[in-house]
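J.: Produce the entire structure from the sequences given, and follow the hints as far as they go.
Residue numbers (the numbering used here), protein chains in the order written: chain L, 1 to 354; chain F, 1 to 354.
Hint data in this document are derived by calculation from the structure and do not stem from the laboratory.
Keep in mind that a hint or two might mislead.
The list treats identical chains as one, so a pair stands whether inside a single copy or across any two.
To be verified - Below, a list of computed lysine to aspartate or glutamate pairs in the DMTMM-like style, where the Cα atoms sit at most 25 Å apart: (1) K105 with D87; (2) K21 with D68; (3) K105 with E332; (4) K200 with E256; (5) K21 with D44; (6) K196 with E232; (7) K21 with D158; (8) K196 with E308; (9) K105 with E127; (10) K337 with D158; (11) K105 with D181; (12) K105 with D240; (13) K21 with E127.
The structure displayed is predicted, hence computed values, not measured ones.
Letter by letter, the chains look like this.
There are 2 protein chains.
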Amino acid sequence: MADHSKPAHTEDSGSAARRGKPTLRTIAEITGLAVTTVSRALSDAPQISLETRKRVREIANEIGYSPDRAAQRLKTGRTNVIGVLLDPHEEILGYGTSIMSGIAKALQGTAYHLIVMPNFLNKTNVEAVHYITRNAMADGLIFSRTEPLDPRVRLLSDLGFPFVTHGRTELSTPHPYVDYDNFTFSYQATKRLIAKGRRKPALISGPADFTFAGHLQHGFMTAVREAGCAYEILSGIDLDSPAGAIRDRVRQRYAESDPPDSFMCGGEVCALATITGMSDCGLTLGREYDIVAKQTSHLLSAIQPQVETIYEDLTATGEDMGRVLLQKIGGESDVSKLQLLLCPQIPSSFGMAG
Amino acid sequence: MADHSKPAHTEDSGSAARRGKPTLRTIAEITGLAVTTVSRALSDAPQISLETRKRVREIANEIGYSPDRAAQRLKTGRTNVIGVLLDPHEEILGYGTSIMSGIAKALQGTAYHLIVMPNFLNKTNVEAVHYITRNAMADGLIFSRTEPLDPRVRLLSDLGFPFVTHGRTELSTPHPYVDYDNFTFSYQATKRLIAKGRRKPALISGPADFTFAGHLQHGFMTAVREAGCAYEILSGIDLDSPAGAIRDRVRQRYAESDPPDSFMCGGEVCALATITGMSDCGLTLGREYDIVAKQTSHLLSAIQPQVETIYEDLTATGEDMGRVLLQKIGGESDVSKLQLLLCPQIPSSFGMAG
DNA sequence: TGCTGAATTTATAACGTTTTAAATGGCCAG
DNA sequence: CTGGCCATTTAAAACGTTATAAATTCAGCA
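T.: Next comes the structure, spelled out in C-alpha cells:
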C-alpha cells in the first residue's frame, strides 16, 4: 500500500535509514502522510479522519515511537516537568521518600516528570522559586513547610505559576493545597490523653514558623480548655529538634516543679525521644505518663506499642498533591476543588474510653 | 554605542522587544554580533577574540541570560539530566532524602538536574532502565540495591550508558560504584561484641539478593572464626523486614534453646526492633546482651545510647555518586578512578576494649 | 458549468541552540 | 596586483516538534 510515487524530499537527507529513535518523520515516510498530519493524528485532533488516526497510532506503537521531549518543550514552552522543593532536614520519618513516591505515582502515565530541586541550592527558598520560574524550569511546583504568610506562595500566586503546597497559608488569595487536618489530630489526641485520666498534657509543637504548628496548638488548646485542665506547651524544642535535644529538654523539665503528666507529639522521633527522656527520670510510659503521637511510618507502633497513634499517610498526600497540581495545570480554575483537607482516621479505641 | 546600521532581519519579526526570556539573539542584537558568534563566545571557543568573549559575557550577565535547556538538548542530544532510581521501600532511615540531597549537592553549579525515576513505574527495575535509555531521558543513572549479577548493570554496561551504583557487583566488567565497606564495618562491629565478652553474636543481614548482604556476612564470619566463638545468622528476617517482624522473630528465637547473646545490626530500625523484642523477653541491653549497629541518622544514638554504632554518611555517599557520575560522563575512562570504597570510621572506644 | 463550504491534508515557518562550511578582511610573499 | 594564509566572524542548516495558514478534494446546489 505504501507506494513511493511521492517525490522524495528535496534531497535524500537522513531518511529513516538513519539508525536511531523513530521520529514523526519516520512515521510520515512509512505512511506516506505529511509530518503535520502524523503529529495531529497522534494528538487525536478531530480534523484528522478517524481511519488515519488509527493507522498512525498503530504504526507508532509498532515502531516504538515516543515523542522527543526536548522538541516538544522547545516548541510549546511547556516543560512537562513538575518540580519538588526538597528540604534536606526533615525530621519526619521517611518524609521525603514517601512524598516523592506519592507524587511519582500521580504522575505515572502522564507526560510529566518529577525533578528534585533542593532549596539549599539558592540561599532562600524564595530565591529558588524565583530562579525556577524565571528560567521556566518546570510547569508546576510542589513544596512543604508552608508558612502563614509564605513568600513563595505570594510570589507564585502573583506570577500565576501553578503550584500546590503541603500545608495551608493565611493569605487572602486562595491557592491549591493538600493538608492534613492537624487541628483535628491534635484535638482528638489531646482529648484521648484526658480521657485516660491525665490532667496536665504537654504539647511538643512544630516550629513556630510553620502554619501547621498553629493548628496543632489550636487543637491542643481547644481540648484542654474543654476539659478545663492544666496544660503546657514545651518551650525550647519543636518537632524539628534532633532527638537528643528533645530527650534532654524533657529530662530537664522533670527536674523542675509541676511537670506535665502526658504528651501530645507531632511525630515519631519526638515520641521516641520523649520516652527516652522520661525513662531517664525513672518514669514509665503507660504508668506515670501517656503519649499520643502522629505516626508516619510503621516504626513507632512496632517499637513502642503503648504509644497511641493517629496515622498520616504521606504517600497518599504526595499522590493527592500530584493530582491537584495536574488539575491546576490542566486549567481547573475552581480553586475550591484544588484544596484538600485530609481527615485523620481516629482509631476506634479512642472513642471507647472517651 | 549600539547602532542600528545593520539591516534588520528579513522582517521586523519578534525582535528583542518580545517580552520574555533573553536569548542568544537578544545578545546578538545588542552587541551587533551574529548569533553564532555569541554562542561561541559564551562557550569560550578559542577562535573568538578575547575581547569579544568578555563583552558578550558581560552583556549576558547584565540581562540575565541563561540558555534554553530544551533547545540545547534538542540540538546536542545531551539531556543534562541525571536520573536516580528511587526505591519506595527503603527501611533505612532517611535513605532517599540523604542520597538525593547528596547528589543534588554534587550537581549544584553544573548544568545537570536531578530527576526521580521511581522504579515501580515499570514492572521491573531493568525495564525502567531499558525505557530510560531507549528514550534518552537522562545522560546518566544512579541506583542502589545492587545485586551481585545485577541485570541493570549488565544492560547499561552493554549500552555504554553512564551510571554509578551504590554498591558493588560481582560482574567481570568493572563499572563505577560508590560503596560503603560493609565487610570492615561488620568485621569491626562483630569484633567489638566479642571484645565485650559476648560469645554468641547473631547477625541480622541484608536481603540475600543484594551484594552488601554478602559483605556483611563475610565480615561477621571472619570475626567469629578468628575468635573461634559460636554464632548465628538470624533466619527469616533481614534489614528490609518491617520493625514488627524483626521484633517478633527475636522474641520467638528466645523462646527456643541456645539463643545468641549479642547482635550485629545493619540498620537502626533493626536495632530498635531487636531491643524491643529482647525487652519483651525481659532482657536488658548492656546487661544480658549487646548490640552494635550501623547508624545513618541521629535517632538511635539519642534514643538508645547503649547501642554502639558505626556511622555511614549517606549524604556524602550521594555526593560522591554525583561526582563520580559527572566524571564518567565527562569522559573519564580509567574506571579505577570511578570506584570508591568508603571506609567506616571506627569510634575510638572500639579500640580500647579490643 | 461554476460557486460554496465542509472535510481532510499539507507546506511553511517557527521555537533557541549548535555545527558545518564559508565569508571577510588584514597582512605578507611573490 | 595576485594569491595565500591567518584570525575572526558569519550565514545557513539542522535537531523534532507544533501552530498558522493554505491547499486539495469532493459533494451539494444554483
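J.: None of the hints should be skipped; say for each whether it holds.
T.: Evaluation of the provided hints:
1. K105 with D87: both (20 Å within a copy, 12 Å between copies)
2. K21 with D68: both (9 Å within a copy, 23 Å between copies)
3. K105 with E332: within (21 Å within a copy, 36 Å between copies)
4. K200 with E256: For K200 and E256, only the intra-copy Cα distance (15 Å) is at most 25 Å; the inter-copy one is 44 Å.
5. K21 with D44: Within one copy, since 22 Å is at most 25 Å while 32 Å is not.
6. K196 with E232: within (17 Å within a copy, 43 Å between copies)
7. K21 with D158: Between copies only: 18 Å across chains, 41 Å inside a chain, cut-off 25 Å.
8. K196 with E308: For K196 and E308, the Cα distance is within 25 Å only inside one copy (11 Å; across copies 37 Å).
9. K105 with E127: between (28 Å within a copy, 17 Å between copies)
10. K337 with D158: within (20 Å within a copy, 49 Å between copies)
11. K105 with D181: within (23 Å within a copy, 34 Å between copies)
12. K105 with D240: The answer is between: 22 Å across copies meets 25 Å, while 28 Å in one copy does not.
13. K21 with E127: between (38 Å within a copy, 18 Å between copies)
Of the hints listed earlier, there is not a single one the structure fails to meet.
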